[in-house]
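Spelled out from the first residue to the last, the chains are:
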Amino acid sequence: MVRFEAVEKSFEGRVVIHETTLEVGVGERLALIGPSGCGKSTLLRMILGMVKPDRGLVRVGGERVTDANVRAVRRRIGYVIQDGGLFPHLTAEDNVILVARLSGLSRVEIAARVHELADLARLPRSLLHRFPRSLSGGERQRVGLMRALMLDPDVLLLDEPLGALDPIIRAQLQEDLREVFCALKKSVIVVTHDMGEAGYLAESIAVMRAGKVLQRGDVRALTGTPADPFITEFVSAQRSLAEAVR
Amino acid sequence: MRACLLAVASESRLGRSARSPRKRTLLYVRRHRSAQPTHRFAQQAGKHALRLPQKLCLCMLALLLLATASTVHARGADQAEQPKVRVGSKRFVESYILAEMVAELARQQGMMASHDLGLGGTAVVFRAIEDGEIDAYPEYTGTLAETIVPTVPTVPDGRRSSQVDLTSLRRALAPHGLSLSDPIGFDDTYALAVRRDVATKLGLRTVTDLASHGELRVALSHEFAGRNDGWPGLSARYGLGAFTPRLLDHALAYEAVSRASADVIDVYTTDAKIARYNLVILDDDRAFFPSYSAVVVYRTKLLQHTPNFGRVLDRLSGSIDAETMRRLNARAELDGVAFDRVAKDFLAAPGSHSSTSFSAAPSAMPARLALGTWAVILRHGPRHVMLVAISLLFATLLGVPLGILAHARPRLGVALLGTAGVVQTIPSLALFCFFIPAFGIGPVPALLALMLYGLLPIVRNTHAGLASIPAELREAALALGLSTRERLVHVELPLASRTIIAGIKTSAVVAVGSATIAAFIGAGGFGEPISTGLSLNDVPTILEGAIPAALLALVVQGLFAIAECVIVPRGLREAR
Numbered sequence: 001m002v003r004f005e006a007v008e009k010s011f012e013g014r015v016v017i018h019e020t021t022l023e024v025g026v027g028e029r030l031a032l033i034g035p036s037g038c039g040k041s042t043l044l045r046m047i048l049g050m051v052k053p054d055r056g057l058v059r060v061g062g063e064r065v066t067d068a069n070v071r072a073v074r075r076r077i078g079y080v081i082q083d084g085g086l087f088p089h090l091t092a093e094d095n096v097i098l099v100a101r102l103s104g105l106s107r108v109e110i111a112a113r114v115h116e117l118a119d120l121a122r123l124p125r126s127l128l129h130r131f132p133r134s135l136s137g138g139e140r141q142r143v144g145l146m147r148a149l150m151l152d153p154d155v156l157l158l159d160e161p162l163g164a165l166d167p168i169i170r171a172q173l174q175e176d177l178r179e180v181f182c183a184l185k186k187s188v189i190v191v192t193h194d195m196g197e198a199g200y201l202a203e204s205i206a207v208m209r210a211g212k213v214l215q216r217g218d219v220r221a222l223t224g225t226p227a228d229p230f231i232t233e234f235v236s237a238q239r240s241l242a243e244a245v246r
Numbered sequence: 247m248r249a250c251l252l253a254v255a256s257e258s259r260l261g262r263s264a265r266s267p268r269k270r271t272l273l274y275v276r277r278h279r280s281a282q283p284t285h286r287f288a289q290q291a292g293k294h295a296l297r298l299p300q301k302l303c304l305c306m307l308a309l310l311l312l313a314t315a316s317t318v319h320a321r322g323a324d325q326a327e328q329p330k331v332r333v334g335s336k337r338f339v340e341s342y343i344l345a346e347m348v349a350e351l352a353r354q355q356g357m358m359a360s361h362d363l364g365l366g367g368t369a370v371v372f373r374a375i376e377d378g379e380i381d382a383y384p385e386y387t388g389t390l391a392e393t394i395v396p397t398v399p400t401v402p403d404g405r406r407s408s409q410v411d412l413t414s415l416r417r418a419l420a421p422h423g424l425s426l427s428d429p430i431g432f433d434d435t436y437a438l439a440v441r442r443d444v445a446t447k448l449g450l451r452t453v454t455d456l457a458s459h460g461e462l463r464v465a466l467s468h469e470f471a472g473r474n475d476g477w478p479g480l481s482a483r484y485g486l487g488a489f490t491p492r493l494l495d496h497a498l499a500y501e502a503v504s505r506a507s508a509d510v511i512d513v514y515t516t517d518a519k520i521a522r523y524n525l526v527i528l529d530d531d532r533a534f535f536p537s538y539s540a541v542v543v544y545r546t547k548l549l550q551h552t553p554n555f556g557r558v559l560d561r562l563s564g565s566i567d568a569e570t571m572r573r574l575n576a577r578a579e580l581d582g583v584a585f586d587r588v589a590k591d592f593l594a595a596p597g598s599h600s601s602t603s604f605s606a607a608p609s610a611m612p613a614r615l616a617l618g619t620w621a622v623i624l625r626h627g628p629r630h631v632m633l634v635a636i637s638l639l640f641a642t643l644l645g646v647p648l649g650i651l652a653h654a655r656p657r658l659g660v661a662l663l664g665t666a667g668v669v670q671t672i673p674s675l676a677l678f679c680f681f682i683p684a685f686g687i688g689p690v691p692a693l694l695a696l697m698l699y700g701l702l703p704i705v706r707n708t709h710a711g712l713a714s715i716p717a718e719l720r721e722a723a724l725a726l727g728l729s730t731r732e733r734l735v736h737v738e739l740p741l742a743s744r745t746i747i748a749g750i751k752t753s754a755v756v757a758v759g760s761a762t763i764a765a766f767i768g769a770g771g772f773g774e775p776i777s778t779g780l781s782l783n784d785v786p787t788i789l790e791g792a793i794p795a796a797l798l799a800l801v802v803q804g805l806f807a808i809a810e811c812v813i814v815p816r817g818l819r820e821a822r
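Note that the protein sequences, when read in sequence, are chains A and B. Under the working numbering, the residue at position 114 of the first sequence is numbered 114, and the numbers go up by one with no gaps. Under the working numbering, the residue at position 120 of the second sequence is numbered 366, and the numbers go up by one with no gaps.
It is worth saying that the hints were derived from the structure and are not from the lab. Some hints here could point you the wrong way.
What the hints assert, rightly or not - List of simulated lysine to any residue pairs, SDA-like, C-alpha gap at most 25 Å: (1) A:Lys52 to B:Ala717; (2) A:Lys212 to A:Pro88; (3) B:Lys447 to B:Leu528; (4) A:Lys52 to B:Lys447; (5) A:Lys52 to B:Leu724.
Note that the coordinates shown come from a computational prediction; the quantities given were computed from them, not determined experimentally.
Okay, chain B solo, but in the shape it has when bound:
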């Protein structure tokens, strides 16, 4: 499970998504006052959703309509007069900062700009821009070539073995209604890094230099070790066969190298921690690693309707080199400066903002944790509760009738319970992702998935509760001349209520847990700090999400104890 979470939580900015943990995603948004907790569509759907409890009679159909309606509503909003730009980003710091820059520059050009923070991984964000839910987002050429438009040929040239041809990329993106800015200036690709003291002592500058030092200990991330354009290819190109790399989680790699239990690790060239841990990047002198040049992908129509956006792109073009990007990442990721602050400061005076506190190790954890947990409850609690409440409401509205049906029609019942059981075995993340093609990202697919998860306990318990009613009571109700509906309402459901409530309670507690995974598809909730913490391997941040989720589960238990007193008839309650 954790591996699964890690995979999506930390979709790599190079777009090699879901294959391996990438460690340098967002610093937790709590620190960034301007950061929006969720993107706008999520909020809109949330507003709709909050009215739902008052309309108990609405069923699944309504939810689907709602999903459509909120999307339509959201899309309708861009018809307004003032030019609007919605910038998206992926779930890591660098993407946030670049997106903030685009948004800020757009504002300076008189546009209304918003930043939909951390929509998800490459596939999700690309889909959002294709669908017009966002207008622009930062991307990397290699990612586009590899995952989005794999038809683009990579041309071997003198410098890079697989330099991505911008013209071909632009041609490939055109049918999607998308265009590409000029390169922002830095490459964010794989590299090998060594401790500075080792590099100095051995005079290491390039990967070629490394080849003759087989005694050095190499520690690699699982992904890098397994990819053809990672270690195997690199090793072949440079003749690194003498090394026997150890594999470890990427987040631990920096720790390992800083404690001198490893000498060489794989990094991304703009990793904030390269400077913090005092590492030196070895030059890829035989041009092995592909180019992952940062660019902005934008909707072609945006530039047509809002020519000023061109100035935004011009301003960014060639403005940030890898060293600068490392510093900016470090400011946000290591110093905890808000993304928009980092972006604005850079735009105001490029180059003047060196990161100040590389040496500052995380300290005063308990205090930070306590404070963070409160902030998390306030920030993510309502959304989490909304996810649980709405999905539970619909699971109940659907599950109880299905349970009744399963009991009334035993053959159908077997099929129903079987199906609900199968749904339960689908890994939750897979189920969440399953709805993305139909409903996009955000709370709607999350609600659907949570509802499906919640179904089984409710259907099963409703069925079991009805089946456990003694035959003589069933017969007594029948002999009284009650109709099927009267028997159900006045005798059978009340008699089964205890079991049914227990099923709903199970479902609710499961939903509190499962909803934390909803954050991975942009639905928000306590899963946000958890996913962030997982991707940063930062236990306190994980706890900031996990503790409120656990507390909520306890609250839910308590609420159900109260609900039982209200719902279960007194004659049954006192009997036990």
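Chain A with its partners taken away, still in its complex shape:
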């Protein structure tokens, strides 16, 4: 569904993505993980055409992302960022339906879809008329998810979606997200730096460092057969509760 073919990217002479080839199949869920500045968000933004690779190309649904089709591609992708990225001047509902409204969907269709999504994202309908600033962080994130799903995209991209939330809400949302992913069977790429979250939300994990994907596999493969000492280091840096008690 999403395919990077030998993409490379430099900013001001510094290589941020070394030659990378990576594919996410239809309905597949991939987590990109790695330390800050390793290039995971850059890869995500390449899919949206907001960063153009210097070399190589990005395909979404088999179609190469170009300047000409980038807007159409974006409408087939749902994008959720930290804290939801909601527009403060619009109510929760207006945030959700903005693109649908501009795409000419009928009111009835839109209303039905909003209710469906509110249920899916477990957002109380009474909150739909609030402005973002009077929603909690978790609620904002649920609205952000609804907005991303409004046009029923093929691909869902999440850039550290739960980074700003406290642990309880975060755990709740992780559960709810996983439910949504499984229910909708969309291709998902989620960027996170939490190994547990990555393993919980995605089937496979790609560990990145300094613009390179070091290894891709499930949690078991990463812990059992690490391809690089950094992976061992990165995995072991995620302390468990058991460790803390000891």
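Since the structure of chain A is already known, use the hints to place chain B on it.
Frame of chain A, contents of chain B only:
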């Protein structure tokens, strides 16, 4: 600033414009029921302009077209059957009275006469007559010789050192399509005046007599003290080196001399206050001062098409001497009689109208002020609001897109903001005057100048508002697949709206202030009483214009508070 205002407000009737304050301009028109608040072209342009808010999509181009159209329209109007005469005047009492006389005499000859009151200074009025916007106006030979047709030689003769030769003047004016009447009869030139008691005690009659009394205190206006044909030349001619003149504002000179803190001042020979303050004019016995003989300048075609106008000129010729003119000035300026009344009374019975109340000092100021302020609001308010509203509308229509452009193209943005900044530094009066050559006088150049002034805050705030949108929101809009226009309309402009409205508000408040200066180029508004008050050094009259302007600024603030509630999205408003 005030000096600047004074300079133009009080362009001297001798045409020595904008060099120094002249103090005897109009009494405020409120008292003169027949006085038109603005000239006809202004009103016409105003009518057009008032329809503009309904056509929000019209931009600058439309304004320019409008300017042209209204002028063309105005010019088209003189094709009518009944002979029409449009008389202009400069911005001081004497000019008003003489213009009223010309208009009244023309009416008596069966013409349709109108008086475009106080068009501006010499340059403005002369341009108006050249362009055919007016047909006639009162002028002074010295002014014509000095400022309009400086090629005319001044011939030294026995009486006057620089007697202006009428024939040469007429020859010089002919290529402009203009002619000159015979002299009206009085000279309005510089003179020295002394208090009557001093003159009597010392037996002063002439400037020569003065020379031997070096102990007398001389107080001069800045202009007179600096001009070669003023004190320096006079002093050389008469040997007045013993005097050490004090310089002071001309409006204060009469006060100074009446309170005996000065003995000798410079005056114009037809100043109304000469009689009021009981001064004696010293005879220029060595013929130093140039001649400023009052005449009527008219379009040569007017006389060809309307021979009756000749009778108007004949009737005026030689009919008013300096003493009479002083009395007429005093009636209007000091007694507050309407200009047209003064003119009609004189024409009905020349010589029978002596001024009655020279002793009447300005009294009951607060009452007069309150009444005057209301009258000013009613009379000038609509025009002032129109000036502010229309210029603000166009400043917004132009400024917001420019701000968007400046944000979208950062390099261009630097140039745009820089240019708008430079425009802002041009003194407002200069900016107003800048458009006069292209658009004449009246509201059109005023609107243009006000619009340019209003641009900077709007462009800058639009730019700043857009630049302050957080990157993640920008990105969120982009990732949603919105087009550039959709992002702008649905995300960026609403997010920047608070800042943009603040810019428009600043612009509006500035426009309310700047529009008061528009009066100096004949655009009307609250600036009229302000300019009048400045030129008369009459604080209550200044306040009559300044108070409504300040009130309007407050109203504008209030309106914008309401507008913010309507325009700024609720989600942003409650956030702060």
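Hint by hint, here is what the structure shows:
Only pairs whose Cα atoms come within 25 Å are accepted, and Lys52 of chain A paired with Ala717 of chain B is accepted, the gap being roughly 18 Å. For the suggested pair Lys212 of chain A and Pro88 of chain A, the alpha carbons sit about 36 Å apart, so the restraint of at most 25 Å is broken. Simply put, Lys447 of chain B and Leu528 of chain B have alpha-carbon atoms about 14 Å apart, close enough for the 25 Å limit, and the pair holds. Distance check on the hinted pair: Lys52 of chain A and Lys447 of chain B sit about 98 Å apart at the alpha-carbon level, beyond 25 Å; violated.
Distance restraint check for Lys52 of chain A and Leu724 of chain B: the Cα-Cα separation of roughly 14 Å lies within the 25 Å cut-off, and the hinted pair is therefore satisfied.
Hints 2 and 4 from the list above are not met by this structure, while the remaining hints are.
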